[in-house]
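Chain residues, written in single-letter form:
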Amino acid sequence: MKAFIEHISAGWSAWAAMVSWQLALLVFLIVIIAFLARRFSARFRYILWLLVIIKVFIPPAFAPVWGVGNWAIQPLWYKMQRAGLVISRPVKPQPAQSDYDKDIASGHRSVQGRVTESTALDKTASTTSQPSEKKPPMFGAVKSWNLKKNIFAFWLAGLVVFLAFAVCRYWWLVRSLRKANVVDEGPLRVELERLALQVGKNTAPDLLLSENAQSPFLFGLFTARIVLPANLPETLNQTELRNVLLHELIHWKRRDMIVGWLQLLAQAICWFHPAVWFANSRIRHERECACDEAAIAYASCEPKGYGESLLKVLLAGKARTSTAFSILGIFERNTKLQNRLKEIMNYKASSRKFGMWGWAVILLFAMVFLSMSATRSSTSFPRKRVATEKQTSLTVPEDYLTIQSAIMNAPIPCTIYVHSGTYEETITMREGIDLVGENPLTTIIDGGDTSSAYTVTCTDHSTISGFTITGGYRGINCYGASPVIKNCIIRDNAIEGIHMMYSKATISQCIFSSNRYGIYVYHNSQPTITNCTISDNRYTGVSIVDAEPIITNCIISFNGIYGIGEYTADSDPEAVTNCCFYNNTAVDYWDEADTNANYYGAEVNTIPEVSDCIAVNPCFMNRFNKDYHLSSISPCIDAGDNSSVDELYDFDGNLRRADGFIDIGAYEFQD
Amino acid sequence: MKGSRKKVDRLPSLSNAEWEVIKPIWEKGPLAARDVYAALPKGHGWAYKTVKTLLSRLVAKGALEYEQIGNSYLYRTVYTRDRITRKEVKKFLDRVMDGALGPALSYFVKDRKLSEEEIARLRQLLDEKERRVGAKSKRRKS
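These protein sequence lines map, in sequence, to chains A and B. Residue 1 is where the first sequence starts when you use this note's numbering, and the numbers rise one by one after that. Residue 672 is where the second sequence starts when you use this note's numbering, and the numbers rise one by one after that.
No wet-lab data here; the hints were simulated from the structure. Be aware that one or more of the hints could be misleading.
FRET-style restraints, in silico, Cβ to Cβ [as the list claims (entries may be wrong)]:
1) B:TYR778 / A:ALA297: 41 to 47 Å
2) A:GLU308 / B:LYS720: 17 to 23 Å
3) A:ASN439 / B:TRP717: 55 to 61 Å
4) B:GLY733 / A:LEU311: 31 to 37 Å
5) B:LYS694 / A:VAL160: 50 to 56 Å
6) B:PHE763 / A:GLY220: 35 to 41 Å
7) A:PHE154 / B:THR721: 45 to 51 Å
8) A:LYS304 / B:TYR719: 20 to 26 Å
9) A:GLU302 / B:TYR778: 52 to 58 Å
10) A:ARG178 / B:VAL749: 33 to 39 Å
11) A:SER281 / B:LYS761: 51 to 57 Å
C-beta: ideal position from N, C-alpha, C; glycine also.
Whole structure, please, built from the sequences with the hints as guidance.
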């Protein structure tokens with residue numbers, strides 16, 4: 001339950017932050033356009049303001065390619081960050097040493113000597129069992145979570161109060177109209193029917209006369225009703241009465257009731273946002289002006305006469321309105337009467353048209369400015385092979401049923417796009433081939449043989465990205481090969497996720513889990529391993545034998561024996577920087593050549609090649625379901641080293657450095 | 672022809688519901704709303720309020736006029752049934768048969784059962800029409 005509330009609070013915080021600035025920006029833009037269009041039809045301005053209500057219901061992360069978020073806001077924000085014009089997020093303080101670390105340091109946690117492979121084999125280390133020790137508390141993270149939870153609770157309380165208030169007012173209104181007289185025949189009813197026919201409708205709403213109504217209004221949840229003050233038919237002459245009925249009929253014809261309810265809902269959701277209150281006030285005003293325009297046009301009356309009708313209604317009602325939320329009256333709350341009368345008196349039929357061009361402008365504005373987020377990834381997966389004179393791409397299974405057959409028949413160079421699916425085959429790459437999977441979660445290469453095969457055998461000058469590689473004896477073989485492997489999940493291979501020998505492979509944004517060894521770096525290999533999550537492997541996360549890998553921004557956690565294991569004296573990584581070590585069952589870092597040998601937690605930073613590493617719980621979203629996304633309280637957020645990373649997008653295709661700092665691990669936390 | 676004007680069709684077009692409501696007034700003369708409601712066929716499913724609304728709509732369309740008597744209103748028709756029926760039939764013919772009467776007549780004769788009186792009446796109407804058409808063409812020739 002706690003995790004669920006935390007998840008909801010974090011999600012709401014992210015939504016509220018995004019929607020707040022986007023709504024503010026949208027309202028600002030609409031104010032400018034509405035001012036420029038002040039001589040045009042009020043209906044144009046009314047529909048323009050309605051876009052704010054629509055915006056409340058659109059997910060703020062919605063980011064089509066043509067949206068302003070992609071081509072303007074994101075590049076501008078990025079430039080401002082680079083120029084230092086934007087205040088960057090303060091660096092999170094290193095949390096206090098955890099109980100886990102303290103236990104290890106003080107010797108309370110017993111470690112049975114050096115754990116060797118043979119002893120480990122006796123034990124059947126389980127990577128999915130829940131560790132029994134209590135998770136160490138993190139001072140800063142807990143405080144942050146409580147704040148988000150409290151803000152979410154406050155918002156929820158505001159929402160409930162707002163809706164309760166609206167329901168109460170509506171109930172009061174319905175109750176006050178119980179004694180109203182229904183006008184279903186007679187001259188008033190006939191006039192209403194006549195006007196309905198005039199505006200092009202074959203039916204008309206119910207008509208009520210009420211002693212409690214201060215001014216005419218239209219209301220109703222499922223059935224619209226026009227309510228007039230009981231004394232109004234005697235106070236107004238026939239023309240004035242017709243103007244009033246026409247005004248309400250136009251509201252009814254345009255279904256302004258539904259818009260009113262949507263306004264109410266949007267206001268309830270964004271009760272905290274002043275821009276939405278302001279927008280709703282403008283919507284009400286422009287709606288009335290738009291109705292006045294239409295009423296003058298239909299009635300073919302002089303604007304002066306229409307204006308006088310309004311004033312007479314106001315006087316008859318003693319200048320009070322009986323409107324509430326979502327109820328449309330001839331006098332809405334906060335409508336500026338003087339401005340409205342001015343609009344009426346300045347009415348000119350020719351300048352008040354709202355036709356195809358008006359709709360086109362609004363549609364264009366909506367398409368561009370309603371989406372203010374940036375899109376996920378810069379690459380788009382092709383659905384059809386692009387036909388060129390010299391073919392440089394192939395698609396599986398459209399062009400070839402199997403990946404291997406595509407590789408064998410591909411021209412060089414070539415990009416092979418592989419659609420989602422499970423491909424039960426072993427693959428041998430060729431130089432000059434880029435292999436791109438549609439989605440690493442759903443494009444699976446299954447070696448199917450846990451006794452001997454390499455699922456993928458790599459070469460130089462090749463790239464593999466977007467796959468799950470599983471089911472083999474060894475997932476990927478880089479013998480004498482230096483490929484680029486990125487955005488892949490390498491899991492559930494019998495022995496190694498990646499086996500490297502004499503390799504300078506580049507491995508970035510990959511997830512290694514449930515292999516015996518995540519990465520095995522052998523003889524004279526100098527791979528670059530960046531922003532990977534190496535977690536829940538049965539033995540060792542990264543095994544180093546006479547090799548010098550560079551390991552940066554990686555999470556190495558929950559592995560069965562060692563996080564990193566240097567097995568020989570010549571096994572020294574070039575550098576291990578900005579990594580997160582946590583809860584590797586035996587030892588976080590084991591250095592065979594070192595007399596100390598075992599390094600636990602933050603002690604790893606005392607190793608000469610290791611620096612700026614943290615030793616705290618990475619706080620994955622759901623480790624037991626292999627969801628290695630970072631939760632909002634993860635200390636890995638913004639803890640990476642920016643200088644080592646060239647990737648613009650993370651494993652999911654979201655922007656790295658969205659807030660200027662890179663996270664540790666394959667995923668960039670999205671706030 | 673100088674100053675020819677297109678004839679404005681003032682006859683209202685009635686919906687199915689309005690037809691049902693106006694029929695009792697044609698058949699029985701001026702009626703109040705409650706009498707119209709009572710005269711409607713059983714099983715129509717309309718509320719009394721709905722009938723009153725329909726009557727108001729007919730007044731708005733100009734098919735009925737009303738006179739206030741106390742708290743009630745008495746409704747009477749403005750046009751005869753025959754006139755409005757002819758308009759609806761013409762509208763139907765224009766829409767379905769492109770205005771051609773012959774095919775419509777043959778549909779009715781083939782598909783509908785006609786009594787002997789109806790056949791005799793049809794024959795009489797056709798004879799009358801033939802005589803008129805003949806008289807017209809003689810006048811043109813002369």
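* Looking back at the hints listed earlier, which ones does the structure fail to meet? -> Failing hints, ascending: 2 and 8.
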